[in-house]
Amino acid sequence: MPAPLPDIELERIEVDLFVSALKRRFGFDFSEYAPASLTRRVRQMMHVHHCDSITALTARMLHEGDFVNEVVQGLSVPVSEMFRDPPVFRTLREQVLPLLASYPRINVWQAGCASGQEVYSLAILLQEAGLYERSHIFATDFNAAALKRAQEGIYPAKDAQLWSRNYIEAGGSQSLSSYYSARYDFIRLHERLRQNITFTNHNLVTDKVFCEAHLVLCRNVLIYFSNELQNRTLALFRDSLVRGGYLCLGLRESLDFAPAAADFTAIDASLRLYRRKLHPASGEPDAAA
Amino acid sequence: MQPPEAIAVGCSQGSFHALRTLLGGIDRRLTQTLLICCHTSGDVSALCDLLASHSTLPIREARERQPATGGTVHVAPAGYHLLLENDRHFALSVDEHVRYSRPSIDVMFGSATDVYGASLIGVVLTGANSDGAEGLARIRRRGGVAVVQTPEGAEAPAMPRAALEKAGADYCLPLEQIAPLLNRLCLA
Ligand SMILES: C[S@@+](CC[C@H](N)C(=O)[O-])C[C@H]1O[C@@H](n2cnc3c(N)ncnc32)[C@H](O)[C@@H]1O
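Read top to bottom, the protein sequences are chains A and B.
Following the numbering used here, the numbering of the first sequence begins with 603 at its first residue and continues without gaps.
Following the numbering used here, the numbering of the second sequence begins with 580 at its first residue and continues without gaps.
Keep in mind that the hints were calculated from the coordinates and are not lab data.
Just so you know, even glycine gets a beta-carbon here, dropped at the ideal spot from N, CA and C.
Where hints are given, some of them may not hold.
Unchecked claim - Now the in silico label distances, taken between C-beta atoms and shown as ranges:
1) B:Gly650 / A:His792: 48 to 58 Å
2) B:Gly722 / A:Leu664: 44 to 54 Å
3) B:Thr635 / A:Ala605: 54 to 64 Å
4) A:Lys750 / B:Leu766: 32 to 42 Å
5) A:Leu664 / B:Thr648: 34 to 44 Å
6) B:Gln645 / A:Thr808: 27 to 37 Å
7) A:Ala605 / B:Arg763: 40 to 50 Å
What the hints assert, rightly or not - A few chain A positions that, by computed beta-carbon distances, are all more than 12 Å from chain B:
8) Ile610
9) Ser682
10) Gly732
11) Val823
12) Arg854
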């Protein structure tokens with residue numbers, strides 16, 4: 603008889619096997635996600651799907667055709683708000699957009715857009731700054747179901763109250779309701795806001811740079827990543843940004859353990875607003891160029 | 580009994596008074612990690628500043644990826660769940676609210692018990708909801724110690740009452756006696 607193993611150790615083995623199965627069989631790589639939160643999601647999924655163990659969940663995923671889609675949705679956390687952290691959006695409006703105005707065409711990449719709340723917030727900001735006509739927003743996420751919701755732009759009406767407050771606090775000059783129509787318990791954002799948005803499936807772990815961006819907004823996604831993955835993703839954003847381009851991260855994210863942070867300067871560190879350095883730092887791929 | 584490694588405290592309505600009393604009574608020689616999750620809509624760093632003059636140990640807002648150091652009080656930031664990685668560094672998440680709360684006491688207790696196991700004391704103080712009850716039950720199942728403020732004397736009795744019903748407690752004490760108990764357990 604092998605010595606008994608504490609449940610928590612056993613669970614760690616099961617989570618590792620789950621992650622490895624997901625990666626080998628379906629190509630979704632969660633091996634470098636921060637374990638505490640990932641484990642919590644996996645446990646939750648186990649309960650939701652009435653599995654007796656994480657191993658049972660793994661088995662179901664491997665043997666049941668479409669189940670992996672639910673798994674990916676269960677691991678993704680598409681929780682969002684319009685104009686969450688209003689001071690951030692106010693600063694984008696007042697300080698960043700006027701500088702972006704000097705570009706003839708403006709590309710914005712919103713990575714980890716969840717169900718689209720921040721994409722529409724950005725579209726509204728650009729619209730009110732008179733820049734939307736020459737802007738394009740690439741909204742990406744690896745959660746196909748969330749992307750679909752983002753594209754539809756339909757949200758529960760009960761959320762609109764908070765979002766309207768956020769919008770005003772972020773310096774909005776209209777009423778948020780001028781951007782949506784309300785029907786029954788839902789609001790639907792106007793079609794014209796969608797006009798210059800492309801919604802694309804993109805996985806930050808495995809996919810590459812795909813556009814030249816002047817602003818990258820990626821909030822509350824890197825908090826789920828280990829230090830190494832956070833750093834690699836930051837390098838991806840750097841490589842996607844033009845020199846002097848802007849990067850906006852989540853309000854409580856820390857770059858203390860990401861060497862790639864050296865390629866950015868803070869515009870407002872407390873709001874997690876950065877700018878890609880104008881001159882190459884040593885070690886960057888094109889430092890010699 | 581071995582002194583524990585960490586103390587996790589949950590509080591809600593009435594938390595300022597409760598935390599002032601608790602943190603003011605902690606022996607400054609304590610080397611344990613103190614984790615606090617309280618439901619405030621306001622700014623947590625401002626709360627830390629307010630509590631700093633009463634707390635015997637340094638108190639600060641917990642920051643993602645930073646180590647959960649001993650002899651320090653770490654408070655969960657508003658709007659995020661506070662978790663711990665196995666290497667005793669903080670992680671944050673914006674996962675769904677749990678029972679209308681984020682940060683959730685249940686989430687913090689659960690994560691702390693994964694890391695500290697039996698070497699954890701969970702404390703449930705005043706509050707008007709039932710957050711913390713589930714987490715405290717998990718702490719006990721893993722062999723940790725559960726302390727609950729006596730509901731009758733609490734500014735809001737619902738939370739300690741829910742904790743007693745769901746998890747029971749190793750100690751159920753009035754607020755003033757909780758810090759002295761923690762000092763005894765930790766300096767043992
Ligand atoms: C908490 S939401 C953030 C939403 C929004 N940015 C905000 O802050 O309100 C995190 C999003 O990141 C997405 N995500 C997580 N890992 C990802 C990856 N590897 N590639 C692309 N998106 C990812 C999730 O699907 C989820 O929609």
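Results for each hint:
At roughly 55 Å, the beta carbons of glycine 650 (chain B) and histidine 792 (chain A) sit within the given window of 48 to 58 Å. Checking the proposed 44 to 54 Å range against glycine 722 (chain B) and leucine 664 (chain A) shows it is violated: the Cβ atoms sit about 35 Å from each other. At roughly 42 Å, the beta-carbon separation of threonine 635 (chain B) and alanine 605 (chain A) lies outside the given 54 to 64 Å, and the hint is violated. Evaluation of the 32 to 42 Å hint for lysine 750 (chain A) and leucine 766 (chain B) yields a failure: the beta carbon distance comes to about 57 Å.
A hinted range of 34 to 44 Å holds for the C-beta pair leucine 664 (chain A) and threonine 648 (chain B), which are about 42 Å apart. Between glutamine 645 (chain B) and threonine 808 (chain A) the C-beta distance comes to about 29 Å, which sits within the given range of 27 to 37 Å. Remark: the range hint 40 to 50 Å for alanine 605 (chain A) to arginine 763 (chain B) is contradicted by a beta-carbon distance near 34 Å. Some Cβ of chain B comes within 12 Å of the Cβ of isoleucine 610 (chain A); the nearest lies about 6 Å off, and the non-interface call is violated.
Against chain B, the non-interface label of serine 682 (chain A) is violated: not every CB pair exceeds 12 Å, the least being about 8 Å. Remark: the non-interface label on glycine 732 (chain A) is consistent with the geometry, its nearest Cβ contact in chain B lying 32 Å away (cut-off 12 Å). In this structure valine 823 (chain A) is not separated from chain B by more than 12 Å, as the shortest Cβ-Cβ distance comes to only about 10 Å. For arginine 854 (chain A), the condition that its CB be more than 12 Å from all CB atoms of chain B is violated, with the nearest at approximately 6 Å.
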